[in-house]
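Based on the sequences and whatever the hints tell you, model everything.
Quick mapping for you: the protein sequence lines, in order, are chains L and U.
One point on numbering: in the working numbering, the residue at position 148 of the first sequence is 148, and numbering is uninterrupted.
Just remember that the working numbering sits 1000 ahead of the position in the second sequence, which is counted from 1.
One thing to keep in mind: the hints can contain errors.
[Unchecked claim] DEER-style ranges, computed between Cβ atoms:
{"#": "1", "chain 1": "L", "residue 1": "Tyr-285", "chain 2": "U", "residue 2": "Gly-1438", "range": "51 to 57 Å"}
{"#": "2", "chain 1": "U", "residue 1": "Leu-1180", "chain 2": "L", "residue 2": "Tyr-270", "range": "27 to 33 Å"}
{"#": "3", "chain 1": "U", "residue 1": "Ser-1058", "chain 2": "L", "residue 2": "Leu-35", "range": "35 to 41 Å"}
{"#": "4", "chain 1": "U", "residue 1": "Glu-1023", "chain 2": "L", "residue 2": "Asn-60", "range": "52 to 58 Å"}
{"#": "5", "chain 1": "U", "residue 1": "Leu-1018", "chain 2": "L", "residue 2": "Arg-138", "range": "49 to 55 Å"}
{"#": "6", "chain 1": "U", "residue 1": "Ser-1480", "chain 2": "L", "residue 2": "Leu-366", "range": "51 to 57 Å"}
{"#": "7", "chain 1": "U", "residue 1": "Leu-1180", "chain 2": "L", "residue 2": "Trp-407", "range": "18 to 24 Å"}
{"#": "8", "chain 1": "L", "residue 1": "Lys-433", "chain 2": "U", "residue 2": "Glu-1023", "range": "24 to 30 Å"}
{"#": "9", "chain 1": "L", "residue 1": "Gly-18", "chain 2": "U", "residue 2": "Glu-1023", "range": "19 to 25 Å"}
{"#": "10", "chain 1": "U", "residue 1": "Leu-1018", "chain 2": "L", "residue 2": "Leu-35", "range": "30 to 36 Å"}
{"#": "11", "chain 1": "L", "residue 1": "Lys-311", "chain 2": "U", "residue 2": "His-1063", "range": "19 to 25 Å"}
[Stated by the list, open to error] Far from chain L, by Cβ distances over 10 Å, these chain U residues were calculated:
{"#": "12", "residue": "Gly-1056"}
{"#": "13", "residue": "Glu-1134"}
{"#": "14", "residue": "Trp-1227"}
{"#": "15", "residue": "Val-1273"}
{"#": "16", "residue": "Ala-1403"}
{"#": "17", "residue": "Ser-1480"}
Worth flagging that the hints you see were computed from the coordinates, not collected in a lab.
Ideal Cβ placement from N, Cα and C applies to all residues, glycine included.
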Amino acid sequence: MNAIIALSLFGISNLFLGFLNNRKILLPATLVFILIALGLNFADWNHEYYWFNNMLKTNNLSVNFVTIILLSTFLVVAISRSFGDDDEHSHPAEYYAILLFSAVGAIMMVTFENLIMLFVGLEILSVSMYVLTGSDKRSLRSNEAALKYFLMGSFATGILLFGVALVYGATSSFDIHGIAQGVAKAKEQMGGAYGPLLYSGVILIMVGLLFKISAAPFHFWTPDVYDGAPSIFTAFMSTVVKTAGVAATYRILSISFPSVYGLWGNPLVYIVCATLIIGNITAVYQQSFKRMLAYSSISHAGYLLITVLAKRPETNSSLLFYSLAYAIATITAFAVLMVVSEAQAKNGKADESFEALNGLANNNPLLAFSLTISMLSLAGIPLTAGFFGKFFVFSDAFSNPSSLFKWILVIAILMSTVGIYYYFKPIIAAYMKKGEVAKIELSPLYKFILILTTTLTILLGLAPDLVKNIF
Amino acid sequence: MLTLSLILLPIIAGLITLAIKGETAKTVALVFAFAELALGAYLYKSFVPDATSQFGLSYDWIHSAGIKFSVGVDGISLILVFLTTLMVPFIILSTFGNNYKNASNLYALILFMQAALVGVFTAKDVFLFYFFFEAALIPIYFIAAIWGGENRIKVTFKFFVYTIFGSLFMLLALVYLYLLTPGTHSADINAIYEAAKALDLSTQSYLFGAFFIAFAIKMPLFPFHTWQPDTYVEAPTAGTMLLSGIMLKMGVYGLIRFILPIVPLGVDQWGFVAIILSVIGIIYGSVIAIQQKDMKRLIAYSSFAHVGLMSAGIFSRNLEGIQGSLIQMLAHGINVVGLFFIVEIIERRAKSRELSLLGGITQTTPNLTVYFIILMLGSVALPLTNGFVGEFLLLKGVYEYNAWIGAVAGLTIILGAVYMLRMVQKSMFGITSKITEGFTDLTFNEKAVLFPLSFLVIALGIAPNIFLKLTEPAVSQLLSIIK
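Have a look at this one:
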């Protein structure tokens, strides 16, 4: 848990590094910072510690989640290319610092033991993201996205806070284990029923968190914000924020409210189905690759929630595996999108449509190949990590005795097929459509990251046990 | 170890081919494919004809879930592994007359495809089977979509989505069965057989549906065939050969390996419907084949008709039917690869596959004519050719199941003769047309493909027993599980 302290300090030192004239040092310094934090995180392995007066708790599950979060942050920072050479308008030191701060928020969201910490973590993460979304100051879309995200996001946080207050009223505790006891006691007093206070509290907390992971029907902000934000921060948002959000949702539902499964399980069934259907079907109609990835992130929230809903002993490891596979593939896709859209820029504006990818494979085999593998992984095709992610999620759902899951699975299967439809658009564009993309020069680090993520995706697709044993 | 080498060799070969640029890639691919064939022949030779699974090998794959990388070869697998190793060298050799862009990628994909196909036919763990079943789709998709014809993008995409859609239902069925296995679960095929015994009729019916959709799309059976003619026509000939020669056998193999033993009650209930669909496919495919103008499309429909008969034979669930389908898979693989190659040869010279534009080729091409007619007769199932043995056994099997259905299915022999003879007559005989003037006879490379294939057509027709006796114990055992 020293990772939190370390990352905060590193964030501040990053700000000071920004005063140096040599900006080149920022990127390697930030990468080293993240690696140090990752190392500190592993120190908590195989121990159960309470931190800061029982406000946070680390165990193996949280260490694994933090690893995924820090790994995603590392990859995103590595493909940031120091935020370009635009000296006047870009502030790399601040951006890196904010990314580190938001990682702190994300870590708090997966280790919280007290709902106050959940709220603080969520706010750290969200406020950082509002700023980063609007960081492309001169772009109208970026500004609009930031404003939209801020308004809707703060509203959702408010709802969450309201839910926390109501749950406190029902159980007189902020502690997640304390709440579990309080819920049991309240249930006993009410003769098995639960009062309106608890009911609305749980639902409001759920809504606040589901907003962050953009589950339908709380997803309306996602496409605009993902589309408007600079791609590098969209990559961060769709991986780190999503992972942290799902982990937090899972943590609170499985620890505090397992005894009132019906209360949150029933609405979640509809939310999962709606998320799968809306995310996938809408993605089909997108013309822009970036917007398609936004809808794809909605649909993956649906798959992740299936296993939260299934509530099996295996849910931990399935959730981790799926998040990891999803994060790696998404970052690869964004890495390709960023360089290609800039190379294909028209009138100084990056071209993020599918057409920009036309003929990519001719001169840029590495980019095209990485793109293909990441799309196959997101679509859940065997040989890639995404297949096993889906496989584990589906087996969890199947092993839940309720027959309801069979129908959820049928929807999930149908939607996976729809998914193939849009995930193949970039592949078709890159390999089969006629077009010209000039050879794009990649820095060695960028190339390394692409090769690394692509190899990882294939490796996890061939031997999921490599990480599944750890989870 | 042998089985593992059969899977690994093409993968390694593919990676090596990928690294080689230019013309040498095809030679390297060919050498490796022949090396694989040598392994396949060795496998065939050292196989002991009994019902056991041989050359077995098992590693932990996903330990926590009890999923193993477990492969082995029994009589049923043997014939298909042999077919795969036998066909790929000829498929590679058949491309030697063409110049492909980024040829090394094409050859690498063909070899990767081969690895996945061998994997499908040898997997003894159901999830490993599924893994290879899907993995085989990726190379063939890219082969067809990158090197294919005019409408390739749309057509191959439909093919891809269609087949994945079907197999996802199979995945659901497999996960369901896997969770029924006792203890910490096992995905071994025998454990699945064991667990499935307890299922009641309604569950079996659902499972039957899930498996049937997957395999019926893959083969394809009527009415799931709409992807097939277009894909066969648009794919480059090597891709078409892989699809029709080997890949459709994955579906047939799935019927034998999964549907029959896992859901016997489901087959009792729904097998009749499946047979009716198969027979509709036979008649429908044949009738459409008779009217085709494009040679490649004609053979595509003939392939659709043939696979219908195989499936009908399997669902009749007797020794003749299943044995017939196995030998017919081998024979059909050989014939259809040969016929598609002949179409390719004609197209290379005449730049067209239209029957109405061709004609009079025999004047200058004695060699081509002889090979074409041998392969055609094999496909028509003339006695003493390989097609005869399979079709005879299949029809006998279907006839035993139901005489009326057998009689209707028997029309395949007549209809097959009609469309095949029509194709040969229109393309080869008659008056020389503008585009067939100066048609040259076969080159050495082309002969190197057609001679062995034609030889096999006759050899298998005369001595089918060399294969039948290898598969019989495994098939008998399978039937004893069902009964």
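Structure-based check of all given hints:
no.	hint	in the structure
1	Tyr-285/L / Gly-1438/U: 51 to 57 Å	holds (53 Å)
2	Leu-1180/U / Tyr-270/L: 27 to 33 Å	holds (29 Å)
3	Ser-1058/U / Leu-35/L: 35 to 41 Å	holds (39 Å)
4	Glu-1023/U / Asn-60/L: 52 to 58 Å	holds (55 Å)
5	Leu-1018/U / Arg-138/L: 49 to 55 Å	violated (45 Å)
6	Ser-1480/U / Leu-366/L: 51 to 57 Å	holds (54 Å)
7	Leu-1180/U / Trp-407/L: 18 to 24 Å	holds (19 Å)
8	Lys-433/L / Glu-1023/U: 24 to 30 Å	holds (27 Å)
9	Gly-18/L / Glu-1023/U: 19 to 25 Å	violated (55 Å)
10	Leu-1018/U / Leu-35/L: 30 to 36 Å	holds (33 Å)
11	Lys-311/L / His-1063/U: 19 to 25 Å	holds (24 Å)
12	Gly-1056	holds (21 Å)
13	Glu-1134	violated (4 Å)
14	Trp-1227	holds (14 Å)
15	Val-1273	holds (21 Å)
16	Ala-1403	holds (40 Å)
17	Ser-1480	holds (31 Å)
Violated hints, listed in ascending order, are 5, 9 and 13; each of the other numbered hints is respected by the structure.
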